[in-house]
Amino acid sequence: MPANLTLAIVAGCLVAAGVYLITERSLSRILVGVVLASNGINLLFLIASGPAGGPPIIGYTEKSQMSDPLPQAMVLTAIVITLSVAAFVLTMAYRSFQINGHDEVQDDVEDARIRALAQADSTSESYEEIRFSDTGEDVVSE
Amino acid sequence: MLIGLVVAHLLIALAAPLLTRWLGQRAFLVAAAFPAVAFGWLVTVAPVVLAGGAIVQHYEWIAGLNVALSFHLGLLQWVLSLIVTGIGTLVLVYCRWYFADDPPQTRPVGLLTAFAGVMLGLVTADDLIILYVFWELTTVFSYLLIAHDPTRRANRAAALTALIVTTTGGLAMLVGLLTLGNAAGTYSLHAILADPPEGTALTVSALLILVGALSKSALVPFHFWLPGAMAAPTPVSAYLHAAAMVKAGVYLVAVLAPILAHVPGWRPAVWTLGALTLFLGGWRALRQDDLKLLLAYGTVSQLGFLMLLLGTGTQAAALGGLAMVIAHALFKATLFLVVGIVDHSAGTRQLSKLSGLARKLPITATVAAVAGAAMAGLPPTLGFTAKEAGLEGLTNLALGGDGTGIAPLPAWMLVATVVLGSALTVAYTLRFWWGAFGTKPGVEPTEIGHPPSIGFVAAPVLLGFTVLVAGFLGGPLTSVLEPYAATLPAGEHGHGLSLLPAWGAPLLASLIAIAGGVVLFWQRERIAAVQQTFPPVPAAADFYSATMLRLDRLAVEVTDRTQRGSLASYVETILLVVIGSIFIGMTMVTDWPAFYLADHWGQVAIGGLMVVAAFLVATSRGRLRAVLLLGVTGYGTALLFLLHGAPDLALTQVLVETITLLVFLLVLRKLPKYFTERPLQTARWWRVVLSGATGLAVTLLAILALGSRVDIPVSDGFCEAAYHYGYGSNIVNVVLVDTRAWDTFGEIAVLSIAATGVASLIFLRGRTGRISRPMTLPEGKLEGWLRASRMLPRHARSLIFEVVTRLLFGVMIVVSVYLLLAGHNLPGGGFAGGLVAGTALLIRYLAAGGLELDEAMPVPAGAILGSGLAISVLTAVTPVFFGGTVFQSFDVHLMVPGWESLTLPWGTWTLLGDIHLVSSTAFDLGVYLVVVGMILDLGRSLGAGIDAHEREELAPAPEPESTRAAPGVRWS
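Heads up: the protein sequence lines correspond to chains A and B, in order. Here our numbering is used: the first residue of the first sequence is 903, the next is one more, and so on. Here our numbering is used: the first residue of the second sequence is 0, the next is one more, and so on.
Everything labelled a hint here was simulated from the structure, so no lab data went into it. Idealized CB from N, CA, C, for every residue including glycine. Heads up, some of the hints might be wrong.
Stretches of chain B that chain A covers, calculated by requiring three or more beta carbons in the stretch to come under 8 Å of a beta carbon on chain A [unchecked claim]:
1) 643 to 651
2) 729 to 738
3) 937 to 949
In isolation and in its complexed conformation, chain B is listed as follows:
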């Protein structure tokens, strides 16, 4: 059920665009139904949880890493889930009116609902890794929600700050969680709580987790992101930055306090930072002019108080802390929603401009007064009872340590700081109410447009009512929350939540705080003057800004050093690293492996020729010369393949080399005769050294790598497997179409992309040029082959070439089909067949021009590429429907009755014979078509396309005796 609820939230978030289109603002109400259902479900499971039980759900997820989708809903989780879902529902309902004046907004609907879902997941997750995932998801949604209006600088900056600060803490926490899970041998939270590890690992993980919790809950020194986050819309602030998300850190501390509170350093850190935050937040809240910022600093202050109570790890403090979590969620959400109403009604939230609103917004003012009373800790609200219980926990520390071993002086200092912080709370609460609703002398009474509608005020009224009623329910609430407090090992049982507190230190502290707060508010102008005289303190926010600035400067400098923008320097750097590591590695080799000169004298002869050709290529200045010599190395490679026992490779290499040569020649006709001279001749010797070292590294590595082989080759079993599972005798082909068919599939995809790229670079606006059919040719004697050659100028035609083409074309097509079909058992296959067919097409182009190419293949190349890919995909997936796996091969023996053979008196003649069809031949057909399509594309683009450019004067015109060309007319 829990997972279902989380997923339901996320699904409705995905549907948000549709919902807002159909329903406009009312989409918020539909979205609100989901947290409402979750809330209802939580209420129904109350008997189980209150009886001390738990709702547990567990699904295996990544078993190898011990990560499971497990959820555990105990008492603490139940309380927080009620807060998350309850306030989530009300905030979404409130949003329907808050955003009513704007155009329908998809963003907040989807993001708020998704946030509610992941927050529910966060407080119920049992697996630490899953908990972390939800933790960071809340950060991401918070980032997106703060960046509500990305065009405003304030939103961007605040969102980024919140993201960076909380994820930095989150990373520390991740390390802590991993350490904890590793030490405990399990990542299940309740298993760790039941049987915690001990020792240094626990200390380290505790402190790291604390860093994460402090950053998420905006404690000093991470507090500054929270006031910034007020750039978000007010309902978002109410939900994320007051009630729910910032409670995540508090929740984590609360759930781990039973096992972590005694760890060295934990309590001092929690007390110091909590008290400091409590004071600092209150102190700064006192001088805010913006109501929302005032509340934000108040939240910072209260979060410090919560962390202080729950991190202490004594029973009385824990009870007060948990009650305070509930109270704070209720009253702070109420007050934020009130600010939203004031903002909407008056058009401002600056308290210096507001006056006399109490009479104009009586209901809102009353609700604010009730919630404010709770914030200030006044009876008869839950704020009072919770704070009393919390103060009891702290005064217990001062009156004997309460099992924590704290010395009296720091304990009293702690109590004094908390009393001072509470006084500040009372003061800023008064400032808030007076600022929002009071009548100020000298300020014009604020005009409001129209009174807020009932739906708008419903949510704050309901929340305010709850915090008031809960004050009277001290007894039942105590019995509900007591089982959590009982899990803490240290400390005495507390007095409980009650409107009738015992006479003693806690009540005295409360009275001092209230009286002090009233005085602080009464003397506010004098206090403000005093605040002015304090020396400026270096703030954490400044440190953050300075760090970000330095980080950015460092990034600029590093980018400048490493990213020079010159392709050659990148290649050189990469090569230097490669060569360097190879040579360093080779210095450690003690036994150099043996080698032999050659398998065959032919290798030496061919190799020598290739080396000479390669040297000449590198030094040649002429383009044509370089390309022809390149061909020599290519054909030489083919011969070496053949001598090594690789006929398939030799065949393919010869065909590819031929086509490469043709393609080069097609383009070279429009390029200058000579390569450009580099202006920097001095770099030449450096390049000679670098390339020589690379070549040497390659040679030595080849010898060394082969010498280091110890295992038998992977391909050892291929021989049998090829025949049994691939049904073919040509192992190389079986590897291509069956064993490593995925690889081949990727490759034909690359071919299609490259061909499309070539066509796009030539035709720019379309996939291909226009295909001309014979009807566009002039009337006359156009029968027979190579009809389009008659369109060529007389000097461009070659009779011999045309005759040879006529002879060759048909033969080549037959050969290509033969290679395709025979390839499974003999040298050949889709690649070789496709290359032969493609060459035949290129020859027709060369003999008779672009029109002839259209004649020969009157379909777009894209269609051939596409059908080839489609056939390959179909062959790949078809076996799945027959219970096989992707790319599994099947074979069929086809016997046509009466046609297998022909029996004549002088012997039996095989006719069709036993036709052995293998399904992977269809895959090879796909390969064949892709290769044909690619070469057709090359012919159409680099042949006919460049011809067309030439006619339209778009082609570059090489200048005689120059290394440059005049650009095409349109481009110059």
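So that you can see chain A by itself, here it is in the shape it has in the complex:
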């Protein structure tokens, strides 16, 4: 089945612009990137559904002329989910401003601690040395 080049290029450009923003640190910019990429991905479904056709409504379009309804249903849920995700992330950005005065995604503090452990060549914090001695003073059955 031949593909629609225009739609493919538009989808690619939207995703590219989205990815450029997603690799940012500012949460609101990341969000804009996510929404942009979502639009691009929704177009991918459109391409995958084959050539354009009439609305998939019985009695309105002949069956042979219809566009594929299944990808449309999938995209419809995706669109609404994107809205709710956007609202949630945006609220997170707002909250970040409310507390810190900026919305930059910080590096994880826990991971920084692990890095410190690795640099010090030490074990994890949950590690417990297990020693057994057979001299009668068994450490484990203290």
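Assemble the complex: chain A is given as a structure, and chain B must be docked to it using the hints.
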């Protein structure tokens, strides 16, 4: 019956919290009733089993994987089940007094009972997979029981060690079991025994299974977990780590020896490791100061002996081995329970501090003496007769091989090691009794609080009595156990169990062992001095500790390398992998599919505009500019949907884009005008390359994927199905509310969660802000619409906007209901309808503020979300009650008599007509309500909520000409 018994144990384990609350310590006695019933049942089926029959139970479980809940109770299984249930009952009874001084404990009640159940399942399971499941369940319960007091480091470490060592072996065993079942074509144990496979598969599986058995039964080099496990309470040690769980490996070897003993490598491994374990355990037991540890090393030693006998696979050794299993369970459980009594009475179990207890605890001391005699292999106990039979099996090896083909020298070495090990056993038995009860010069006589109650000593007395009586029952016991020995293909028929052994090598070996043991004990101080001079041997335990340390270090290093903590670097890594694999895959494509420019010139025009907008979004520094340009791409997408023949999508996309824009604007008013500049400008070009490559991959993949399609689309039959089963003409809507209704249901759940998340981030302590009703408004002329707008400051009001709102609101609500109802046959549906209604609500907020929103919808958003979800669930499950399936659609034609149409002289007018109701419309109503609830939540939180923050100075205040804002007052 067998499954019922196992399940009954597990159920009573679940009821343990209630039982301990009602009955306190006596809960142990209730729990003990269950293994007791199982024991009673086993006694009643004795005639069947002893006549050579078996109790079989079989239930299909996972037929596709050949896994069945099948149980097979033959002789060997019967003997082990008697041990498991009998000792289980007595240990639970004993626990009632052992834990009497502590507050009522739920953990041991539940865990011990559950363990008894799964152990019974383990020794009776016929299906290899089920056997493995029970096998690992015993490991898990053992882990939990050893970790009795998780606040103690010793308990944690010991529990973890036992878990890791035995599950490592268990995994090897699983591979072995799968190989065996695969080679045999069945996973039924008795079917495999009847018709064993041959060849390499059998050898491999035999050796892997042996690894599992050795680890579970604590043989060298896995032995070190067992002494550690003594951190568990003493009754647990008695039951799990002496009588029952550690016998699992021995049982597995015993049951498979008839078909596996001749496999290359099996006998040498069993003999070498068994003899080594026998010696090592005894040697170390000799220098323990803690009575429990002394017994633990003794158990290690005895397990080596048992494995040695049962793994040999000759008739005489098998008879002795099985008798020894019974004897060991009886005397070792007795001795552990005795240690528990001594510990409770004297407050210590260190033999260097105990003295003169024989006179103060006469009954306990006597029982310990009887059980000790059995452990040392002295007549007239079962320990003596069993050991004689076992030694006969081994001396037979030395006197001609007994069908195993062993050379004389290794056979004599084996016998010599066993005699030495037996001498050590005699020595540590003497050390045990002397240590616990003897009077030692220079040690103060131990004071005891109060003599142990009758119930406390009942269990050890009964067990000790049994091991003594069984010694006299050599004849009957031989005839009971003989059928098992007869299943072994190799070796001669043995002499049997008897207190009157034949003169010969076995008796001589016994006498040497006893004499040697007495000398070892007599010269114990000199022996201890000798032990000191031996060079330290690198122990398996050290290897284990070092491995765990290296594993932990490796985990830290790997985590450090892979988990950098930066979101951007994770996204970049994921994308690199995706792009890399896509491009590698595409290099192998030889025939690139065809493509065409566009379906319609409009696609090119709109697409071009969208690409420009996307580029500008990516480069814009201003927040508002980025959001508005984002809207351009969104509306462009909607147009592309429309041109493609997807009116539902176009409608939804336009509505969603509008709401997204409104929501962005509501929040953006409190954020700085410009995005932050990243400090690292150098990373920009890398990001350009990465995003460009991603976009290119997406474009090429889209073309390639469509070109590779060979099958007809799944949706090919949707057209007919939508009408016949979904009763709708709009196929997209039927897919949403019927064909893929589960998907939609999941989605509205996500919407509810996201809306709740937004509200929680704004209101923090509640689901929503307070809803103000009109009475809180000031008195005056408050009739009519948009009354709350009078509360706004004059400059914030817009007359034109208010008028437009008045005009639009009613129309939009009607349209939304129309979209909801018509959606099944025409573009629309719950999503579109809900979005329109939600937009109408947002418009009222924009025109007249938060109070107006409460006026328009005086109910909490959570209630709307909840009722929407409830309606959806009800629609989903209702068909089940009418014989349908979940989410099945039904239709009803409703004709109201006299109201269908109006016939007038100049024609017939349809009034209500034929009202065609489809049950999935109710599901769509649920969707509608969830969407309305979500948008109401967004309006209340991001609109009215942020307004309130502003009044209370909690909102961030953007600094002019800066990318930062001053945090809300409370937070700064």
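Evaluation of the provided hints:
Check result for the segment 643 to 651 of chain B against chain A: holds, 7 residues qualifying (beta carbon to beta carbon below 8 Å, three or more required). With 6 residues having a Cβ less than 8 Å from any Cβ of chain A, the segment 729 to 738 of chain B passes the three-residue criterion, so the hint holds. Counting residues of the segment 937 to 949 of chain B whose beta carbon lies closer than 8 Å to any beta carbon of chain A gives 5, which reaches the threshold of three, so the coverage claim holds.
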